[in-house]
Amino acid sequence: MSLTYHLQVVNLLAAVLLLIAFAMLSQRRIVGLITLFAWQGTALAASTIIVAWSTAQHHLYYSAALTLALKVVVMPWYFFRLVRKLDVDRDVEPMINIPTTMLIGIALVIFAFNLALPIAQMAGTVTRSTLGIALASVLLAFLMMITRSKAIPQVIGFLAMENGLFFAATSATYGMPLVVELGVALDVLVAVFVLGIFFFHIRETFDSMDLKHMERLREK
Amino acid sequence: MTLLDWAWAVVLYWLALAAAGLLMPSSGGLARRIVFPLGAAGALAMAVVGVVALFNPPMQFILPFGLPDLPFHLRLDALSGFFLILLGGAAFGVTLYAVGYFRHMPAGQLALLSTWYHLFLAGMAMVLLADDAYAFMVAWEVMALASYFLVTTDHKIPEIRRAGFLYLLIAHVGAVALLLAFGVLHGGEAGRMGAYTFDAMRQTEHTPFWASIAFLLALFGFGAKAGLVPLHVWLPEAHPAAPSPVSALMSGVMLKTAIYGLLRATFDLLGVQLAWWGSLALALGLVTALYGVIFAAVQSDMKRLLAWSSIENIGFILAGFGLTLIFHTDGKDALAALTLTALLYHALNHAFFKGLLFVGTGSVLHATGERRMGRLGGLMRFMPWTGWLMLLGALAIAGLPPLNGFVSEWLLLQAFLLTPGLTQPYLNMVIPVAAAVVVMAAALAAYVMVKFYGVIFLGRPRDPELKHAHEAGWPERLGMLWLAAGCVFLGLIPSQMIDWISPVVVLLIDATLPNDGNWVMVAPLSAARASYAPLVFLAVITVITLLVYFGVKRVYHGRVRRADPWDCGYPEQDARMQDSAEGFGQPIRLIFSAFMRVERLTPDPFDRQPEYRGDSRDKVWLFIYQPIAQFAARLSALAGRLQHGRIQWYLIYSFATLIFLLVFVTR
Amino acid sequence: MTTGVLLQITQTGLALLLAPLLMGWVNICRAWLQGRSAPPLLQPYYTLQKLFHKDAVLAHDATRLFRFAPYLIFACMVLAAGIVPTLANDLPFSPAADVIALVGLFALARVFQALAAMDIGTAFGSLGARREMLVSFLAEPALLMVFFTASFISQSTELPHIVDRLAHQEFALYPSLAFAAVAFWMVSTAENARIPVDNPSTHLELTMIHEAMILEYSARHLALIEWAVALKLFTYSALGIALFLPWGIAAAGDLNALPLALLALVLKLALGGAALALLETINAKMRLFRAPEFLGTAFLLAVLGMLVHFLLEV
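In order, the protein sequence lines correspond to chains A, B and C. Quick note: the first sequence, position 165, residue 165 per the working numbering, numbers continuous. Quick note: the second sequence, position 632, residue 632 per the working numbering, numbers continuous. Quick note: the third sequence, position 205, residue 205 per the working numbering, numbers continuous.
It should be emphasised that the hints constitute simulated quantities derived from the structure, not laboratory data. Using N, Cα and C, we set each Cβ at its ideal position, and we do this for glycine too. Hints are not guaranteed to be accurate.
Chain C is nowhere near these chain B residues, computed Cβ spacing over 12 angstroms in every case [to be verified]:
no.	residue
1	183
2	273
3	574
4	577
5	599
Label-pair distances were calculated between CB atoms; the ranges are [said to hold, decoys possible]:
no.	chain 1	residue 1	chain 2	residue 2	range
6	C	275	B	539	31 to 41 angstroms
7	C	13	B	512	51 to 61 angstroms
8	A	69	C	170	35 to 45 angstroms
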């Protein structure tokens, strides 16, 4: 192993990111999910800071700060509030049972790692080997969205997917230009608030947060 | 006489013994006391021939009979030799056992059985010796038919007839596939003289496409015989139906002839091998292993449990075969040699421990007349010989050191561990994960064996009648002793076994497995990678056990007081409160409920005459075979409409066929 | 060679002596954490001594298997303790078995324990045997994946080589080993019959796993089994140390490092025992059919570790 220590730490954080993605997949409770999401944001921010420091890419400091503020503080806080207000924190059985979901998850990881190998070879960054993990996190978040029927886990899945993409951008090209990142962050923030407002409306209309009720809204 | 002559002489000798059975149908005692021991001697001779053949160059021989212009070709090389050792070694113990086992069989039936039995042995030996497609298929059919008649020995029981029919049906579907495979292998040059010989096939160049077709056909045909999922359905029906020595031969040896055929066709007859065959065989093997062991865990009939466990072991062997193909096509010669060694070793081990366990169930069956494990229990006290020898077999099949089952599994796992470095990144990552399936199946096998052994031999007898169970006679004990000794012996000398297997490996893939160890220690590839020394293992455990035993006795005391079992002070306890076979399998049924359909009849708590029935049905049977059977039935109903019963109509059918053929021919 | 043999005997003897001490230490820590007054540190030795003195009571129809099993189980654990490097790295026994054979050795002891439990023919005995085998078939694949990860890093399944690679060569962070460590902890709780899979101090027969199997044992047989249990915990701790915290184990032939190695071992065991007690205090025993999910998670972690190794560390 010829990597420097801080890059090894980035690798470790990448592994933690993947671990959290799996933990989210297996989490039955919404509050637990939100906590895991906050931890994922923390790991992401930490790895961004280390990359920024080791490659002297100063704009990455800003995006790390942005991640820390939005994904570790604001959004989890907002979600906790939502959960308390909507009173939806209880065990949710996912659509597919958890061991099966996990096995599908492993298959996705293998797929993602193999997909990323040739791409990573093309990227010129020192952190390129974590690209596979970023890709796997995206796919796992997607899988989580598929297997959950409640609204809040789906939104968290969406945000976790965004985390994965962000990480991919950092590892493949040292992040997107700052303008793009700011724009994305703003978009995500607005989306979360809009969705929050939606949740209240969904609950008022159906008296439940279960998305099964939305199935009635199709064309007859 | 050359070595091949000797092998052929043993086959002839077995055929003569088979004929002898027919000549004296009235004296069963003679058949049992003389013919079976002679047959066993033949088996031992065959094993010796096999050992010598390992270290001799291949030899060939043309028999002066067969059809005109289609003589039988025979050949004895290291591969045949190895499987002859397997055949002879296992058959010696089993046949010795049979001398005592058939004591109570009526004379006429016994004579017939002796005929089929020796014909079966001869057929299996001929399969291993055949060197052309014609001789191979004839021997294959002799083996299938003889075993069919052996399975249906108790043909008065309808279930056994049904099991026999299912076996015959699938054996023949498989045989058709084999026939087609040989057709593809000989390259379509029908006109050429002698094209059906294996030599001609070896020299034929196959395109990857046709080679793949031939491989798939062979995998199907041999898989049907070996019990590859989903072609396994006959196995749990037919093996338990046969008398126990026959079950032992079928499970221990006959399944291995299919492995032999697969190896012969893939590595010897086919000039090219493709990597995806290996992935396919590996996947099928792992599925077979897991499927077999899960169903073994939920069985309540002891012989059916063993039959499912045979499916599991075939799965291991096939997984090894798949890995061999993957490594071989990737140019990793040493690794391919490792997996090939592991699979051959496992095949030999399985012949011994499964033979032992099957004949052991025969003794239990004789002593108690009961096959349902839920009615047995505590037999260790009444049948100590059978009990202790079966313990060795159960430990060996559970893959525990220092017995033989462990060595082959250990070698196979080492191979899994060495996959990184393959050129295919996917395989690099998937195969180590697949090793987990192997370990899980092996650990489940330990579960199954604790269930098997614990429920039958340990605990208290669940039926008071069991107290009268009698120990097996001396021929039976000797037979079991031979097989158990094989399990121990094969487990303790892995280095020597690897040396003995290496000519086969050289013959098939032209590679050798570097062994860095010495006679006590096996260390495939290099001693820094992995090593295992069963003798040290055994010696240390024995020494410590003895030291502790005598030490405790000396320092403290060895006093023992006997009392009722404590059982947490529960006063009312009887033998029926022990776990039944169904109860022991319950967690597995719950965890793997997706694999099976459970049909249960549970009694009401207030039932005066409670009745319990539980059955875990194989989903493959329900979802693949039943639709096929229904389709076939519907098709035949349709065809039945053509049957009017009037002779004129049948004449018209023949007439129409004739006209059609005439038009077709004159075109 | 003679130093090797001497070292081997010293190390095995040390394991034999230290194992009950570790057990006592865990019990003390647990008592402290739970606000109870703690038993003396040497309590396990007193118990063993008392048990050895008693007359053995055997059920009327106990077979020889039942009497023989404790000796064999004890011998298996002694051998296992001899194979895992605790003090020194270069031992004459270790080529006899690599990690896979070590798993086989544990399995041998377990199968005999389960068979002995079924021998008396009580309801609880067979219940315990069934549960033990259930837990083990789920734990073994996960354990093997943990070993695979370590073996991929060190290119060997021999424990001395693994330790040598991890402790005595250039230091590197292995994310894969972090995963494997968590998985290993989960598996070892299951294999050692600790919380959350099993509760070693339960008195409720219906929830027992390991305890249910040894209900019928008494006196010297029970003493040997209890000692073997302590040895197993010790061996697993030593395994965990060898795989994940190997610093301090003396390199081959380095006799001067031995005192330091002993100090490091005691320190690590003390910390590990305290951590075990802490984890046992904050967790609750789960019901039996949650165990597959728990061990499935362990398996998943181990597999993830292995995959991460392929991606990041090759």
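Those earlier numbered hints the structure runs against, lowest number first: Violated hints (numbers, rising): 3, 4, 7; every other hint is consistent with the structure.
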